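Novice: All chains should be built: construct the whole structure from the sequences, respecting the hints.
Which chain is which? The protein sequence lines are H, A, R, E, S and Z, in order. Counting from 0, one number per residue, gives the positions in the first sequence under numbering that gives the first Met the number 0. Counting from 0, one number per residue, gives the positions in the second sequence under numbering that gives the first Met the number 0. Counting from 0, one number per residue, gives the positions in the third sequence under numbering that gives the first Met the number 0. Counting from 0, one number per residue, gives the positions in the fourth sequence under numbering that gives the first Met the number 0. Counting from 0, one number per residue, gives the positions in the fifth sequence under numbering that gives the first Met the number 0. Counting from 0, one number per residue, gives the positions in the sixth sequence under numbering that gives the first Met the number 0.
Mixed in with the good hints, there may be bad ones.
Stated by the list, open to error - List of simulated lysine-lysine pairs, DSBU-like, C-alpha gap at most 35 Å:
| id | chain 1 | residue 1 | chain 2 | residue 2 |
| --- | --- | --- | --- | --- |
| 1 | E | LYS256 | R | LYS137 |
| 2 | S | LYS42 | A | LYS198 |
| 3 | R | LYS136 | E | LYS256 |
| 4 | R | LYS136 | R | LYS256 |
| 5 | Z | LYS198 | H | LYS198 |
| 6 | A | LYS136 | A | LYS198 |
| 7 | A | LYS135 | H | LYS136 |
| 8 | E | LYS256 | E | LYS136 |
Quick caveat, the hints were computed from the structure, so don't treat them as lab data. Source: prediction; values computed, not measured.
Number of protein chains: 6
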Amino acid sequence: MDMSREIAKAEVLIEAIPYIRTFAGSTVVIKYGGSAMTDESLKMAVITDIAMLKYLGLRPVVVHGGGREITDMLGRLGIPTRFIGGQRVTDVQTAQVAEMVLSGSIGKNLASDLEKVGVGAVGISGKDGRTLQVEKKKGHHNEDLGYVGNVVHVDVTLIESLLDSGFIPVISPVGIGQDGATYNINADYAAVAVAGALKARKLVFLTDVEGILADVGDSSTLFRSLTVSQARGLMAEGVISGGMVPKTECCIAALDKGVRHVHILDGRVAHSILLEIYTHRGIGTMMTGDDEVGSNDQADSEVGKEEQA
Amino acid sequence: MDMSREIAKAEVLIEAIPYIRTFAGSTVVIKYGGSAMTDESLKMAVITDIAMLKYLGLRPVVVHGGGREITDMLGRLGIPTRFIGGQRVTDVQTAQVAEMVLSGSIGKNLASDLEKVGVGAVGISGKDGRTLQVEKKKGHHNEDLGYVGNVVHVDVTLIESLLDSGFIPVISPVGIGQDGATYNINADYAAVAVAGALKARKLVFLTDVEGILADVGDSSTLFRSLTVSQARGLMAEGVISGGMVPKTECCIAALDKGVRHVHILDGRVAHSILLEIYTHRGIGTMMTGDDEVGSNDQADSEVGKEEQA
Amino acid sequence: MDMSREIAKAEVLIEAIPYIRTFAGSTVVIKYGGSAMTDESLKMAVITDIAMLKYLGLRPVVVHGGGREITDMLGRLGIPTRFIGGQRVTDVQTAQVAEMVLSGSIGKNLASDLEKVGVGAVGISGKDGRTLQVEKKKGHHNEDLGYVGNVVHVDVTLIESLLDSGFIPVISPVGIGQDGATYNINADYAAVAVAGALKARKLVFLTDVEGILADVGDSSTLFRSLTVSQARGLMAEGVISGGMVPKTECCIAALDKGVRHVHILDGRVAHSILLEIYTHRGIGTMMTGDDEVGSNDQADSEVGKEEQA
Amino acid sequence: MDMSREIAKAEVLIEAIPYIRTFAGSTVVIKYGGSAMTDESLKMAVITDIAMLKYLGLRPVVVHGGGREITDMLGRLGIPTRFIGGQRVTDVQTAQVAEMVLSGSIGKNLASDLEKVGVGAVGISGKDGRTLQVEKKKGHHNEDLGYVGNVVHVDVTLIESLLDSGFIPVISPVGIGQDGATYNINADYAAVAVAGALKARKLVFLTDVEGILADVGDSSTLFRSLTVSQARGLMAEGVISGGMVPKTECCIAALDKGVRHVHILDGRVAHSILLEIYTHRGIGTMMTGDDEVGSNDQADSEVGKEEQA
Amino acid sequence: MDMSREIAKAEVLIEAIPYIRTFAGSTVVIKYGGSAMTDESLKMAVITDIAMLKYLGLRPVVVHGGGREITDMLGRLGIPTRFIGGQRVTDVQTAQVAEMVLSGSIGKNLASDLEKVGVGAVGISGKDGRTLQVEKKKGHHNEDLGYVGNVVHVDVTLIESLLDSGFIPVISPVGIGQDGATYNINADYAAVAVAGALKARKLVFLTDVEGILADVGDSSTLFRSLTVSQARGLMAEGVISGGMVPKTECCIAALDKGVRHVHILDGRVAHSILLEIYTHRGIGTMMTGDDEVGSNDQADSEVGKEEQA
Amino acid sequence: MDMSREIAKAEVLIEAIPYIRTFAGSTVVIKYGGSAMTDESLKMAVITDIAMLKYLGLRPVVVHGGGREITDMLGRLGIPTRFIGGQRVTDVQTAQVAEMVLSGSIGKNLASDLEKVGVGAVGISGKDGRTLQVEKKKGHHNEDLGYVGNVVHVDVTLIESLLDSGFIPVISPVGIGQDGATYNINADYAAVAVAGALKARKLVFLTDVEGILADVGDSSTLFRSLTVSQARGLMAEGVISGGMVPKTECCIAALDKGVRHVHILDGRVAHSILLEIYTHRGIGTMMTGDDEVGSNDQADSEVGKEEQA
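Specialist: Listed below in structure tokens is the structure:
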């Protein structure tokens with residue numbers, strides 16, 4: 000009986016041991032969006048990965064976006080969409096549609112997809128349990144954006160209660176203002192706020208890029224790990240530019256709030272979450288605070304750090 | 000200093016004592032719909048009543064409907080609505096819209112209204128945590144109604160976990176089939192299933208009628224309390240007829256599942272829930288199993304029964 | 000069906016909501032004495048009020064007096080009573096009679112009255128569980144008063160254990176000295192010591208006056224709320240004089256020990272406790288620390304303060 | 000260094016090991032009365048013994064009498080005392096005095112004596128927490144005895160709560176009727192009811208006799224152990240007679256309710272409780288159910304039985 | 000960036016998901032012996048596998064043998080070894096040496112090897128905490144085998160306490176008799192007794208054969224799964240013969256005691272435990288009760304069964 | 000019936016009360032060795048004493064030696080033993096034999112002796128649960144002693160877990176190095192390390208001397224108590240000399256680590272542990288920190304101190 004193929008399988012499991020050991024019990028926040036949310040087979044890979052995190056003893060929390068779906072629904076309802084500086088101007092009607100699409104459709108369906116692979120999940124909006132409390136946000140030039148909010152406080156009671164009962168919270172980026180009104184929130188910022196409030200060990204952004212690249216056209220220039228200082232340097236030098244600037248700022252904000260590692264992953268690669276967390280080589284860019292030792296082979300170094308602690 | 004008005008207030012509080020004592024710690028399921036959901040001032044009265052139940056130590060659970068809002072949204076989206084035997088024929092597209100409206104709009108807004116008066120609340124759909132598990136339902140003449148479901152199992156884990164953490168669950172009548180698909184559920188039936196699975200002490204239907212009347216045109220013929228046998232007799236005699244028949248059957252089904260009292264209240268009267276539960280006279284019709292002693296003054300008798308236990 | 004009377008009832012309940020919400024879980028110490036203890040119908044009103052506090056989620060603790068009853072019993076036993084500066088000179092025999100009357104008669108009967116309205120209660124003396132530990136107290140001119148004690152330490156173990164088990168502790172003002180002897184304690188001082196040690200939210204004195212009045216002959220001059228500074232000013236100016244001086248000093252002492260509000264109520268008004276705590280208008284005088292904002296409508300302001308916290 | 004005296008001490012401790020092991024965690028009810036309650040040095044020996052039981056890991060509960068003290072107080076108050084068939088005819092006034100003396104004086108003082116030797120204790124009456132619920136008792140010839148009660152139900156909530164908090168409950172034999180009135184209870188019967196309701200391992204009667212003797216004038220005829228059948232036989236033969244008959248019936252009643260061993264001890268011998276429970280030879284008479292193997296050396300046999308279990 | 004090798008890794012992890020889900024929280028007893036205990040590299044593979052079980056949420060318990068090491072030590076000490084019917088005749092001296100070698104050398108070293116890979120482990124003998132209680136065992140022809148014992152009772156208190164504290168118990172097959180003497184136990188029988196008492200989900204025998212084969216010389220005739228009936232049939236037909244008979248009887252005995260699956264694995268294949276439990280194909284023979292559906296692909300069927308439960 | 004002998008027994012028990020009260024719940028580490036371990040009847044007395052400590056509510060921990068038995072076994076195996084400065088030079092082979100004898104024979108047998116008198120016990124080595132972590136120790140003149148270790152860290156997890164589950168840990172002085180190797184540890188030092196890490200109340204050395212004597216030939220010169228300063232003075236003056244110097248240094252080291260009392264007892268006196276702890280007179284020498292008041296009658300002073308605290 001030739002066992003070699005089987006033994007190779009065992010070796011993959013064995014390779015995962017130090018990562019399983021290191022991360023057991025940790026909270027991981029996943030910002031879910033982009034291609035990984037629209038392509039059905041990628042979607043199932045993400046759902047499976049999140050379930051696996053749960054089985055391996057982590058406490059996953061999902062924050063999802065849904066701009067495209069909101070725009071679609073607004074179109075079907077004949078409501079015009081306007082953007083200022085990349086942000087959707089949100090009147091009462093738009094806010095209602097956004098909430099309905101995010102909380103009533105996308106979030107509930109993600110929760111039910113997770114249920115299908117055997118893990119309990121609950122779709123909540125940031126209004127449930129007053130989880131995401133916001134204040135009105137202005138445009139960059141002080142324009143009135145309507146019901147667009149900045150998270151000013153996260154009440155983690157509901158999230159913690161769901162995690163403690165074994166459910167995965169699936170959070171739609173809708174918040175509640177002091178005035179009781181419903182506000183739309185940028186999903187990346189919502190994820191940062193949630194991860195910070197939970198003191199999550201990891202925040203994972205599923206994106207449509209490979210990570211942070213020195214040369215956007217050349218995959219081989221991927222930064223496997225960056226410290227905050229390095230990232231700031233790259234932004235100053237213009238190496239990080241365009242849409243990666245706000246994403247990078249989100250990473251830095253999360254690290255500032257006490258998240259230990261932020262990962263920018265390519266959601267177009269199936270199982271990118273598992274690969275990043277449980278294999279030596281990893282995939283994508285991991286960002287850490289300056290006091291964390293970075294290396295080209297980030298997952299290893301992270302586990303290595305644990306071993307010495 | 001004339002104290003008479005003050006003392007009268009104290010007497011109302013004192014009158015409530017035996018009811019507070021009797022019901023503390025009990026679970027109460029409220030089926031919320033009708034005028035009480037559309038008239039803004041009635042809505043605030045209901046929200047306040049539910050908050051009061053929570054402050055007085057009960058564990059309230061809300062199940063809401065929303066047929067009118069679904070029809071509106073379908074209209075705006077140009078999707079035709081068809082009914083067979085009073086039930087909405089629900090294709091995939093209709094099911095998606097229904098879920099979005101129920102879970103993403105109505106439920107979330109009720110939860111956020113409750114938050115505004117200071118009690119924690121969470122809008123969940125029956126798909127979250129696989130709470131409402133359904134099978135496909137056929138029309139009375141075996142017509143295919145599409146994604147319309149009958150609840151076959153309620154997993155109370157999520158509801159209990161929210162109650163134990165101090166939140167009021169606000170449940171939209173959307174279920175999950177064995178096939179993982181989304182099904183629309185009649186809200187009255189959903190409320191019965193939830194109340195039965197929770198072994199609730201009370202199930203309250205907020206309706207647009209005063210209760211069960213011997214003569215529909217004469218308020219003075221209201222039955223204050225009915226046993227299952229009496230109700231069955233009234234249906235057989237045709238005294239209960241029309242739309243009150245399925246409502247009455249819901250009451251009987253809930254009592255069969257172990258709910259102790261089912262109340263049909265007039266949601267058009269402000270604070271009808273508080274009045275029914277915490278004052279001697281009550282309002283509306285209370286239905287009980289045959290082993291419960293009924294009387295014209297139901298709340299009293301119920302409390303009285305408790306006292307002797 | 001005319002509902003107006005019923006709806007008025009609901010409004011009283013609704014009026015109570017913010018107070019119920021604010022005070023749930025709080026400890027309230029009630030110093031019980033005066034007419035409210037001797038008039039049978041007032042007594043039942045007080046007992047009912049205390050039971051209501053329990054049903055509304057508070058943790059009531061009762062400290063009672065009984066000077067009149069002690070004097071009666073001493074008289075029946077032919078033991079002469081002597082007072083110095085308003086304090087009873089207490090020899091061994093007198094101390095025994097006082098303990099017997101307070102702990103064996105008054106306290107046990109209050110506990111059993113509370114049991115009759117359905118709440119568990121236990122009559123303890125300050126000697127049980129070494130709850131009230133005292134040192135010998137001298138008269139104002141250093142006279143020997145015998146077994147009269149000042150509380151120097153409260154061991155709250157027994158009181159907390161009874162509260163946690165759902166019982167209302169009914170405490171008689173009898174203490175234990177370092178020498179193991181039994182000491183009589185002024186009931187007002189005992190109540191202050193207990194409220195302070197429990198960090199009670201409220202201390203309520205049931206008295207035979209309406210509260211603190213600017214003109215003792217004119218009810219309309221009642222102070223609805225006073226800060227410590229204001230009270231000190233009124234004593235300095237002689238507005239507060241006579242028997243109200245030591246009572247006021249008790250209030251100040253309790254506030255100093257961390258009690259948040261002290262109420263002087265007219266025990267001759269039925270249900271004065273409920274009226275003070277659960278209605279907007281209140282009754283009697285509420286005293287607070289200087290850092291609490293006072294107002295003529297004290298209960299409201301207190302609740303209002305909570306809302307903003 | 001001659002160690003023989005020291006080693007003899009160690010042997011006494013060693014002798015106690017199997018008894019300590021066997022009885023740890025058990026509930027023991029002690030009916031306290033007779034000379035052991037009036038003689039100061041015997042009283043201190045009893046108090047010390049009870050404290051020792053607590054230190055050795057048992058859960059002691061004390062039920063005390065006080066007939067003599069009640070009679071004294073009635074005398075001082077000029078209230079005549081009448082007995083029918085050995086039972087005090089108890090009018091309202093007598094009941095009040097009895098309660099006052101038992102709960103307000105004797106019980107509180109026992110609790111405070113226990114506190115002095117370092118164990119927490121609380122004096123409760125059977126009315127506290129509705130612990131002893133009674134019905135009116137008639138005389139043997141159906142005479143009206145007034146407020147004399149038979150225990151019909153023991154609510155152990157308060158007793159268990161005190162034991163769990165580490166306090167020794169000291170219970171005075173005063174009960175509460177369905178009518179809410181205060182009733183006097185025979186202390187032996189109260190002890191039996193309490194021991195039965197607690198499923199106590201042991202019930203100890205401290206008496207003024209050596210135990211059950213075949214010949215009342217001859218100590219050497221002491222029965223060290225008796226089964227229920229043997230005791231019934233001795234009553235039938237008239238060997239057990241006079242005042243020992245009701246005492247023996249109490250023992251039998253307690254065993255019927257599930258108490259495992261009932262001891263009749265000579266309270267005039269210092270430390271009789273410790274000697275009976277923790278030494279081989281024992282003292283007094285131990286009564287057991289027929290299914291327990293009796294022997295002349297009861298404690299041993301009891302421990303022996305345990306060892307084989 | 001070519002991801003194919005990485006994605007293949009992810010697929011192995013994904014393949015493990017249903018098994019991880021199914022077995023989380025289960026107790027697995029591993030009988031450790033044979034080549035896997037003497038070959039250093041196989042030993043590290045077993046140690047790693049056991050650690051992995053722990054990281055994946057199982058509760059592993061190890062029972063080890065050590066006949067060879069005992070024989071070696073007896074030889075070094077000049078103590079002759081005699082066997083009757085394959086069982087070591089064990090005089091007092093031999094029993095002492097066996098205990099010393101098993102508990103003092105092999106067990107402690109396994110525990111310390113587990114500690115080296117980061118999981119807590121404790122070497123206990125069956126005498127610790129009276130875990131393995133035995134009676135004297137006779138030879139097949141009633142020969143006196145000396146201190147050889149049959150397990151008659153397992154006290155799981157110590158094992159459960161260690162598991163609950165996060166330690167892996169490593170048990171040496173030494174027991175305690177009623178007489179307090181030390182007895183040697185066959186390690187396979189000890190493992191069966193432990194697995195039965197713990198109601199383990201799995202019992203794994205690490206052996207030096209591939210499993211149960213139809214033709215011992217032909218690996219391709221391996222039975223991947225067998226029911227008890229099938230195994231009994233194979234023994235009756237002589238297909239299972241020689242040393243596999245007692246091993247098979249052990250499997251049946253364990254299934255009788257409530258263990259759900261017993262695995263006979265080839266300890267000579269590195270990571271055979273992980274492969275058997277976490278991959279589709281498995282390795283070795285799995286035996287189940289007749290009520291479990293067997294199949295050629297056992298692990299799948301087992302997981303499949305779970306899904307439907 | 001002459002009760003005098005019985006009453007004398009009661010007095011011994013009564014004498015023990017303050018000690019029982021003072022020491023309940025405390026951890027006591029007993030270094031067990033010398034004659035008390037080799038003489039069978041002394042051994043049973045020690046075992047009984049340790050069981051008694053457990054019954055009286057203490058948490059005993061045993062650390063044992065076994066040099067003589069190791070030397071015997073090495074002799075039987077023909078392995079030469081070499082000592083440098085009183086310490087055994089320990090090559091790999093010697094370390095294996097030492098571990099086997101200590102953990103596999105002596106420890107397991109002590110645990111099983113404790114089991115025989117009815118208390119649960121578990122023999123662990125310092126390698127189990129990485130309890131005793133060591134570094135290599137050199138001889139006084141820097142000689143290589145082989146696998147001889149100094150304890151550098153005690154992980155109390157396993158010990159605490161066993162104590163909490165009601166077991167007595169019996170620890171053999173074998174440790175684990177950073178390199179994973181097995182090291183021999185001096186049992187006195189191991190006991191000091193364990194007592195210090197547990198913040199034990201008492202550390203008891205069972206020795207073959209009476210305690211610390213001013214004149215080694217004269218028992219009457221026994222120091223009943225010594226402070227650290229006094230002990231240091233006696234060493235400086237040469238009054239404490241020879242083998243008592245390292246023992247005294249052990250005592251001082253334990254007190255430095257927070258142990259409150261260290262006792263040097265004569266293990267040749269039966270029940271010396273009980274006598275020292277539970278009688279007024281005590282036996283042996285008790286050493287305390289300088290801030291503890293010493294006296295000739297140490298146990299009393301210790302208890303006395305407690306009383307005033």
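Novice: Hints first: check each against the structure and report whether it holds.
Specialist: Do the hints match the structure? See the list:
{"no.": "1", "hint": "E:LYS256 to R:LYS137", "in the structure": "violated (54 Å)"}
{"no.": "2", "hint": "S:LYS42 to A:LYS198", "in the structure": "violated (55 Å)"}
{"no.": "3", "hint": "R:LYS136 to E:LYS256", "in the structure": "violated (50 Å)"}
{"no.": "4", "hint": "R:LYS136 to R:LYS256", "in the structure": "holds (20 Å)"}
{"no.": "5", "hint": "Z:LYS198 to H:LYS198", "in the structure": "holds (34 Å)"}
{"no.": "6", "hint": "A:LYS136 to A:LYS198", "in the structure": "holds (25 Å)"}
{"no.": "7", "hint": "A:LYS135 to H:LYS136", "in the structure": "violated (46 Å)"}
{"no.": "8", "hint": "E:LYS256 to E:LYS136", "in the structure": "holds (20 Å)"}
Violation of the numbered hints given earlier is confined to hints 1, 2, 3 and 7; the remaining hints are satisfied by the structure.
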